[in-house]
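Engineer: The lines below spell out each chain.
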Amino acid sequence: MNAPVRSVEAAGDRVARFPQHKREEWIGRLYAYACVALLVVTIFSIVWFIASKGLTPFVSGAIRFSDLLFGRVWKPEGEPALFGALPFLAGSAYVSFLAAAIASPFGFCAAVFMTQIAPKLGRTVLQPAIELLAGIPSVVYGFVGLSVIVPFLREVFEGQGYGILAGSLVLSIMILPTITSIATDALHTLPAGLKEGSFALGATRWQTIYRLILPTTLPSLLTGIVLGISRAFGEALAVQMVIGNAPFVPTSLLQSAATLTSIITLEMGNTIGGSLHNNTLWSLALILLMMTFLFVFAVRFLERRAKR
Amino acid sequence: MSDTAFYTKDLSVFYGEKQAIKKVSITFPERQVVAFIGPSGCGKSTFLRSLNRMNDVIPGARVEGEIRIGGRDINDPSTDVVRLRQKIGMVWQKPNPFHKSIYENIAFGPRYHGVKDKRNLDEIVESSLRKTALWDEVKDRLHGSALALSGGQQQRLCIARSIAVQPSILLMDEPASALDPVSTAKIEELIAELKRDYSIVIVTHNMYQAARVSDKTAFFLMGDLIEYDETQKMFTNPSNRATDDYISGRFG
Amino acid sequence: MKARAADRVATGVIIGMASLIMLVLVGLIAYLLFRGLSHISWHFLTSPPQSIKAGGGIGPQLFNSLYLLILTMLITIPLGIGAGIYMSQYAKANQLTAFIRLVVEVLSSFPSIVIGLFGLLVFVNLFHMKYSLAAGALALTVFNLPLMVRVTEQALNGVPREQKEAGLALGLSRWKTISSIMLPMAFPAILTGTILAAGRVFGEAAALLFTAGMTTPRLDFGNWNPLDSHSPLNPFRPAETLAVHIWKINSEGRAPDAPEIAAGASAVLIIVVLLFNFGARWLGRAIYRKFTATK
Numbered sequence: 001m002n003a004p005v006r007s008v009e010a011a012g013d014r015v016a017r018f019p020q021h022k023r024e025e026w027i028g029r030l031y032a033y034a035c036v037a038l039l040v041v042t043i044f045s046i047v048w049f050i051a052s053k054g055l056t057p058f059v060s061g062a063i064r065f066s067d068l069l070f071g072r073v074w075k076p077e078g079e080p081a082l083f084g085a086l087p088f089l090a091g092s093a094y095v096s097f098l099a100a101a102i103a104s105p106f107g108f109c110a111a112v113f114m115t116q117i118a119p120k121l122g123r124t125v126l127q128p129a130i131e132l133l134a135g136i137p138s139v140v141y142g143f144v145g146l147s148v149i150v151p152f153l154r155e156v157f158e159g160q161g162y163g164i165l166a167g168s169l170v171l172s173i174m175i176l177p178t179i180t181s182i183a184t185d186a187l188h189t190l191p192a193g194l195k196e197g198s199f200a201l202g203a204t205r206w207q208t209i210y211r212l213i214l215p216t217t218l219p220s221l222l223t224g225i226v227l228g229i230s231r232a233f234g235e236a237l238a239v240q241m242v243i244g245n246a247p248f249v250p251t252s253l254l255q256s257a258a259t260l261t262s263i264i265t266l267e268m269g270n271t272i273g274g275s276l277h278n279n280t281l282w283s284l285a286l287i288l289l290m291m292t293f294l295f296v297f298a299v300r301f302l303e304r305r306a307k308r
Numbered sequence: 001m002s003d004t005a006f007y008t009k010d011l012s013v014f015y016g017e018k019q020a021i022k023k024v025s026i027t028f029p030e031r032q033v034v035a036f037i038g039p040s041g042c043g044k045s046t047f048l049r050s051l052n053r054m055n056d057v058i059p060g061a062r063v064e065g066e067i068r069i070g071g072r073d074i075n076d077p078s079t080d081v082v083r084l085r086q087k088i089g090m091v092w093q094k095p096n097p098f099h100k101s102i103y104e105n106i107a108f109g110p111r112y113h114g115v116k117d118k119r120n121l122d123e124i125v126e127s128s129l130r131k132t133a134l135w136d137e138v139k140d141r142l143h144g145s146a147l148a149l150s151g152g153q154q155q156r157l158c159i160a161r162s163i164a165v166q167p168s169i170l171l172m173d174e175p176a177s178a179l180d181p182v183s184t185a186k187i188e189e190l191i192a193e194l195k196r197d198y199s200i201v202i203v204t205h206n207m208y209q210a211a212r213v214s215d216k217t218a219f220f221l222m223g224d225l226i227e228y229d230e231t232q233k234m235f236t237n238p239s240n241r242a243t244d245d246y247i248s249g250r251f252g
Numbered sequence: 001m002k003a004r005a006a007d008r009v010a011t012g013v014i015i016g017m018a019s020l021i022m023l024v025l026v027g028l029i030a031y032l033l034f035r036g037l038s039h040i041s042w043h044f045l046t047s048p049p050q051s052i053k054a055g056g057g058i059g060p061q062l063f064n065s066l067y068l069l070i071l072t073m074l075i076t077i078p079l080g081i082g083a084g085i086y087m088s089q090y091a092k093a094n095q096l097t098a099f100i101r102l103v104v105e106v107l108s109s110f111p112s113i114v115i116g117l118f119g120l121l122v123f124v125n126l127f128h129m130k131y132s133l134a135a136g137a138l139a140l141t142v143f144n145l146p147l148m149v150r151v152t153e154q155a156l157n158g159v160p161r162e163q164k165e166a167g168l169a170l171g172l173s174r175w176k177t178i179s180s181i182m183l184p185m186a187f188p189a190i191l192t193g194t195i196l197a198a199g200r201v202f203g204e205a206a207a208l209l210f211t212a213g214m215t216t217p218r219l220d221f222g223n224w225n226p227l228d229s230h231s232p233l234n235p236f237r238p239a240e241t242l243a244v245h246i247w248k249i250n251s252e253g254r255a256p257d258a259p260e261i262a263a264g265a266s267a268v269l270i271i272v273v274l275l276f277n278f279g280a281r282w283l284g285r286a287i288y289r290k291f292t293a294t295k
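As you go down the protein sequences, you meet chains A, B and C in turn. According to the working numbering, the first sequence is numbered sequentially starting from 1. According to the working numbering, the second sequence is numbered sequentially starting from 1. According to the working numbering, the third sequence is numbered sequentially starting from 1.
Calculated directly from the structure, the hints in this document are not laboratory data. Where hints are given, some of them may not hold.
What the hints assert, rightly or not - So, partial list: chain C residues that the calculated Cβ filter (under 7 Å) puts toward chain A: (1) A18; (2) S19; (3) L74; (4) I75; (5) L79; (6) A83; (7) S108; (8) V273.
To be verified - Covered stretches of chain A (chain C as the covering partner; in silico rule of three or more C-beta atoms under 8 Å from a C-beta of chain C): (9) 19 to 29; (10) 59 to 65; (11) 85 to 95; (12) 204 to 218; (13) 246 to 253.
C-beta: ideal position from N, C-alpha, C; glycine also.
Please model the entire structure based on the sequences and the hints provided.
Structural biologist: As structure tokens, then:
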């Protein structure tokens, strides 16, 4: 072996100004930066393209924004054509909130079960089961909803079985994993000694959960619930398959209804590009997009609260 | 007196607002062993890591003052930090061989730095392993996983890995603290061998180890350099009260 | 005494609800397999669907799903790993990074139907790709990219710092350290995450309705020239995937055996997803064991 080189730069000075290691670092960095740039460009173009399409009906003056938001009648082929999206907004809101209302207690109980009651059983059985639920494709949920839940509701109640209730039940299973995993994380990160302190005071497990754990983790639980609502709000096919697709403001849980996603799914392919009907569907897509932003910021706000 | 390998002048290191090293000036003699001692959290590892700019990896870390190796300040923006690190080997507290074969662990560096010829690489692998007294133990399984070695062997492999790229300085951050006494003894023997070729800086929490392996010793306390002198003098007749207290085991 | 009773009741309720979740999952899978398996045969898996007659299969749809998955992954993996490397290794703790994190979070929250619509506007119309596998693969890439980025970032963050430092201390460039030392160590985690992501892509339908389309041309499975319009490999032909097919026959299927076909296709879909899930778990454990057993 050579004698050790004394000067650090002695070897370096003899090499070109752009030695191999600098070139490869540049190429590697360029690659990583380009990937991230693409990501940023993608999101901006999503917003840009959908917004520019979705704003056309208002810019051209064909529809007023308030008419779209508050109009109760959707009759795109009628004389005059009416574009009231309230039925879909209401439908989306009903199914997602109801789904969250059904799923939240289950999610909380599952999280308590996995962290406080039977951690071993939770880790080996319940946790994988819930992960599996998250992996099942939405069309499969739709199919099961269509062939099990809808007929069941038809049997038990009056009517067709399609509607808000069927949609909410299907969605509640789909968003359960989201709510559960966030609740579980929150319960896992409880400060050490909190529980023990409560037990030491003679409180039962339920008292501890109810008086101590639930209030402490509430902001995190809310984060999970909002994430679940967000997911339910944007879910398209499973809901479309079971909700009945009637464009009316729902007055009963068992009445056929429609959501933003279901109307877009159904009509986007059957309308002519550039027509007012088609452009209005893009306006609905834009509303969906804006709701996503709203949910993301709501989640961020709650997360910040939860950290405190 | 031997030549100076490198020196620091008024070197300070900050982690965010916290100052971990306070204006430390040390001159490191060539081909000698300098030991850093002091209670944990005193800044000795931070100081060591600033010598090859490894603190760059830690977000929020900032360095002030000079570190001059061969006359150049290594914190100067014009310094090619990649080439700098090639000239400064480093060994960590916990052995950290790559998840590759024994051969690859050593050949990886030299190949990257331009040694493409298989025969030359073989030679480098053999000589590095011989220098670390590992050759006879592993020559039959050079292509087996490095993770199958014992802790002490892994640490010697890491030393072999770092000398394979021909550094002139070796930084060792508590290299024996995770090892059993027999392995520790081997590492200490190795350090005595290696100082014929390299200037070595070793951080240790074990004062006896410092006394055994080093020529000079620096005692750190809360980011300050309290005393820096010949090891023999430090351990027999320290000039500072705090050094005396620490060495005689009254705290730390 | 009252507190004890309440505790017992509450514990019972919690266990009951947890059991109910298990019951739903088991019931769901049992139902799908029970209804679908009897319909699955070699003929069903390989022959084309029939529009009005009974006896149709899902051959082209199954092929489309697999082919589309491969195309998507070919685009997503390099992009996701690149962006993941940036997030984990090059991003500084500043406003720009916070912004990019927000972007990834928003992108991952977009409903898949919105991504499908974006694909319709940009890939199908603007880029003149028409309804095609290529447009579908690009839409699925947008859908899947945030997940791949997160998987890569977390996997790289899981590599011990000493390994990175060992690479740097040898005088390797940062890039070389990342690509030759850290990525191989992060590989098991990236692989597991990728397989799980693949399962998600395989079952996705909403993003494909208006990008890959809802029809499949007559395919000649003897023709493997990717440029030929009847070749299954041609990336510029429309392609209805299995998931889209399930949706379509449920909403407008006219064949007399449509419910059975839907059941059979759902069973196939769920089996593939289960395989991906268990495959990822098994592989993750196997690689973990291999790494730790040698220590």
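Engineer: Does each hint fit the structure? Answer for all of them.
Structural biologist: Structure-based check of each hint:
{"no.": "1", "hint": "A18", "result": "holds, 4 Å"}
{"no.": "2", "hint": "S19", "result": "violated, 9 Å"}
{"no.": "3", "hint": "L74", "result": "violated, 15 Å"}
{"no.": "4", "hint": "I75", "result": "violated, 11 Å"}
{"no.": "5", "hint": "L79", "result": "holds, 5 Å"}
{"no.": "6", "hint": "A83", "result": "holds, 4 Å"}
{"no.": "7", "hint": "S108", "result": "violated, 9 Å"}
{"no.": "8", "hint": "V273", "result": "holds, 5 Å"}
{"no.": "9", "hint": "19 to 29", "result": "holds (count 7)"}
{"no.": "10", "hint": "59 to 65", "result": "violated (count 0)"}
{"no.": "11", "hint": "85 to 95", "result": "violated (count 0)"}
{"no.": "12", "hint": "204 to 218", "result": "holds (count 6)"}
{"no.": "13", "hint": "246 to 253", "result": "violated (count 0)"}
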